[in-house]
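J.: Protein chains in written order, with the UniProt record's numbering: chain F, 1 to 293; chain X, 1 to 565.
Be aware that a few hints might be false.
What the hints assert, rightly or not - Restricting the straight-line Cα-Cα distance to at most 20 angstroms, the calculated cross-link-like pairs of lysine-lysine (PhoX-like) are:
| id | chain 1 | residue 1 | chain 2 | residue 2 |
| --- | --- | --- | --- | --- |
| 1 | F | 193 | X | 205 |
| 2 | F | 190 | X | 399 |
| 3 | F | 30 | F | 193 |
| 4 | X | 399 | X | 9 |
| 5 | F | 193 | X | 287 |
| 6 | F | 30 | F | 97 |
| 7 | F | 174 | X | 399 |
| 8 | X | 403 | F | 190 |
| 9 | X | 399 | X | 438 |
Note that these hints are calculated values from the structure, not bench results.
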Amino acid sequence: MSEPKNKRQKREDYRAALRANGVTELPRKKFYRQRAHANPFSDHSLIYPPTPEQMDWASLYPHYAVEEPIEQKTEATESEETTGQELSAPAIRKLTKNVEVADIGCGFGGLLIALAPVLPETLVLGLEIRVSVTQFVEDRIKALRVQNEEQKLYRNIAVLRANTMKFMPNFFNKGQLNKIFICFPDPHFKARKHKQRIVSTTLNSEYAYVLRPGGIVYTITDVPDLHEWMVGHFNAHPAFERVSEEEQEADPLVEIMRNETEEGKKVTRHNGQKHVALFRRLEDPQWPEEVSA
Amino acid sequence: MALPYHVLKVCDGIVFAARGSSIHSFDSSFNPISVWKYPVKQQETNGEKAESETPAPTVEAEESPAPEGPPAKKRKVEDGEVAAVTEESKEESKEETTEGQTETKTEGQTQEVNRRSRRQKQKQKTEGGWAKNNKAVLEKPFVQGMYLTTDGRHLVAITGSDKTIWVFEHDGAGNLKQLSQRAMPKRPCALALTPDNKTILSADKFGDVFSLPLLFTPSEPTAAAAAAATTSEVATPEPTPSAPATPAVPTPPTTDVAKAQSLSVKPQANELTVHTLRNLKALENQKRHLARQKAAKLAAALQASQFEHTLQLGHVSMLTSVAVAVHPGHPGRTYIITADRDEHIRVSRGIPQAHVIESFLLGHDEFVSRVCIPEKRGDVLISGGGDDDLFVWDWVSGKLLGKAPVLVEVKKALAPEEAEKVTKVAVTRIFDVQQGEKTQIFVICERIPLLLIYTLTSANTLQHTQTLSLLGNPLDVEYLKAESKLLVSIDPNTSSETQEEEANNGGVSSILALSFDDSESSWKVTTGGLKVTEAAEDESSLTPQDLQKLLYTTESLRKTNKDDE
């Protein structure tokens, strides 16, 4: 089923016009629709830095960029044998602070926008695999930044197209993140597709890698079985423990996650259930040799 | 056309060389000792036996050979197995009728049966076609890799299309005794053995690393099957009349059983999560079918779990290489290092803490196909793949120490018109040889008839020292320490030897022996390699194209048709 040409054309015209205007009005969703699923195993033509150090964060958070571009030279002279670093791209502008909150599969960006005023001092990044949807959030954030120029709002949020299942460590250093949100992920009902689920024993190790000890993974879904799956897999992982119900309900972000994500609103409209579970990243265990010694 | 010895492994004075699907052993002067042949016949009977011994739980038959089981993909089958499938489906149709009688009649039932049989026909057709198309390739799976325990007493091999890990006992004199064969759920790409020689780490095509005990006693298939029957029954919401009402037995000690049980035994969506009428209908259908499918899934999962294998870690990318490393300062700290097609090299802790990722070695722009930690330089890791350079890492700290050119050296060594054609390289082997104080690194690239030789300096840089032209495409490199000879197996089909030379030499060179000439301080081809004269028995059935596909697989890891949206 290929969609009629003129529809696609309309979308492109709309997006081009929006950009030409300098993105001052909020984008309309209907020009950014895309199939709800993406195959995380295929080689999309993704753009990702070879290492987190080579990530150009300044283009995402221009208001947090350091004024002077840091000279790459100083680093190279420190260690003479680093022929590799000398070859790397021209100096990348650094940020005054690092991204600490990630929304994996941010969709249309509802959570990002709700978090922006709540965590004003924190850089929040949305990651989404679908091109059109990412575009929408990008345009949305741009428009919001322009509209709220005086209050300096929405400067701390940004979106990126990425396949986090494969390339999370290309963006974040070990222990860089404080919070990870996984909101209404694709449930992948078929058993054959369970490997495509965003939460799995093996992927949890990667979340543990990018999260600092004490950091929290927030999960929410309307599918009871997926909830059980996520709880089961995080509980089974030695690097995570579930956050108690009391603590969970005391966290103001949980309420935001329940009500502000686009999918969350949709579930509310349909009177669906929402299952929330939070998991804390524990300290890495001691090496076995050191335990016995 | 001649089959090359495409995988080499040296154990003291013994050379193991895999040719097609057999493993040959030679002494240091290439006198043949023994041959292990892939047991085609035996395997088939084994498979059938397993089938017949499994008292199929009544309901499960419908979907049992279906590719819908959780880990199962369309498995490449041999002709014999296709026949088995057909037989099975006959049984299935029988059981279907009985099932039909026991079930309460629903209006859509006849329709249902029709649809089912149509599906079955399709299934047969596709599976048959699959087998036919790949017949030549699949007659016997090629040996993809061989690994030795550090004590040299066991040889572990993987064969390709049947996803099997073989363990042999080696008597030290070149004779192999097959101890076990284990078919993994996914195709193993590389193996590593833990330093204590007790555990095999298998890195597979789906990105997972499983640990398996080197030695194992196969669990009773009947017991497992019984367990399957009971577990499936316990979980069935509407027990079928014919199912025995035995109490639940303790489940076999495998992780997969738990996994199998957690499989979708009930629909995962509910009426509240489905928002459209069509989806609701689909959900109802799903519910109806799940009860039947579940049993089949359990059986499939159990079949794969008749031996102990534990998931240690996983990438969401095909794994290409796995290594076990020991911290240079803390001998008690072991690590698992895995490399994948998506440019990552991951350093995880060893078992039992493999869930802790220590670092990633990032910087490759193309796939990584090999990692090598030189024996005497345990702090350094050398990696290569689709990039133009080799990367040298301090793997403990995760720092890139430097790079060494590969493509440039290849171009330099080739004739200008040849060099023009080479725009990229795919490193297939990185092999270290310790010569006194000197650590030499040998590198071969796919379809490039050269051997690149580097020296790892004390400052941890890789210095190119020599490029050696070979008679044909190199396939594997090994070092025969007893004779101080480097062995390079080459593809005789690409050999540049003339007929006359072949006649003079007594056959096509298949394994070259190289020795270090101290006076010129360079490596040279010497006598004492292996020539092939007699034709290997598999040769007739393989077309040159098929053989190419089996031997040259690395370049295909490169990402080409990047699709979007």
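J.: Take the hints in turn and mark each one as holding or not.
T.: Hint check:
Taking the CA atoms of residue 193 (chain F) and residue 205 (chain X), the gap is about 16 angstroms. The hint holds against a cut of 20 angstroms. Only pairs whose Cα atoms come within 20 angstroms are accepted, and residue 190 (chain F) paired with residue 399 (chain X) is rejected, the gap being roughly 41 angstroms. Between residue 30 (chain F) and residue 193 (chain F) the CA atoms are separated by roughly 29 angstroms; this puts the pair beyond 20 angstroms, and the hint is violated. Straight-line distance between C-alpha atoms of residue 399 (chain X) and residue 9 (chain X) comes to about 31 angstroms, which puts the hinted pair past the 20 angstroms bound.
With a C-alpha separation of about 18 angstroms, the suggested pair residue 193 (chain F) and residue 287 (chain X) falls inside the 20 angstroms cut-off, and the hint holds. Straight-line distance between C-alpha atoms of residue 30 (chain F) and residue 97 (chain F) comes to about 35 angstroms, which puts the hinted pair past the 20 angstroms bound. About 13 angstroms separates the Cα atoms of residue 174 (chain F) and residue 399 (chain X), which keeps this hinted pair within 20 angstroms; it holds. Between residue 403 (chain X) and residue 190 (chain F) the CA atoms are separated by roughly 44 angstroms; this puts the pair beyond 20 angstroms, and the hint is violated.
For the hint pairing residue 399 (chain X) with residue 438 (chain X), the CA-to-CA distance comes to about 23 angstroms; that exceeds 20 angstroms, so the pair is violated.
Going through the hint list in order, the structure does not satisfy hints 2, 3, 4, 6, 8 and 9.
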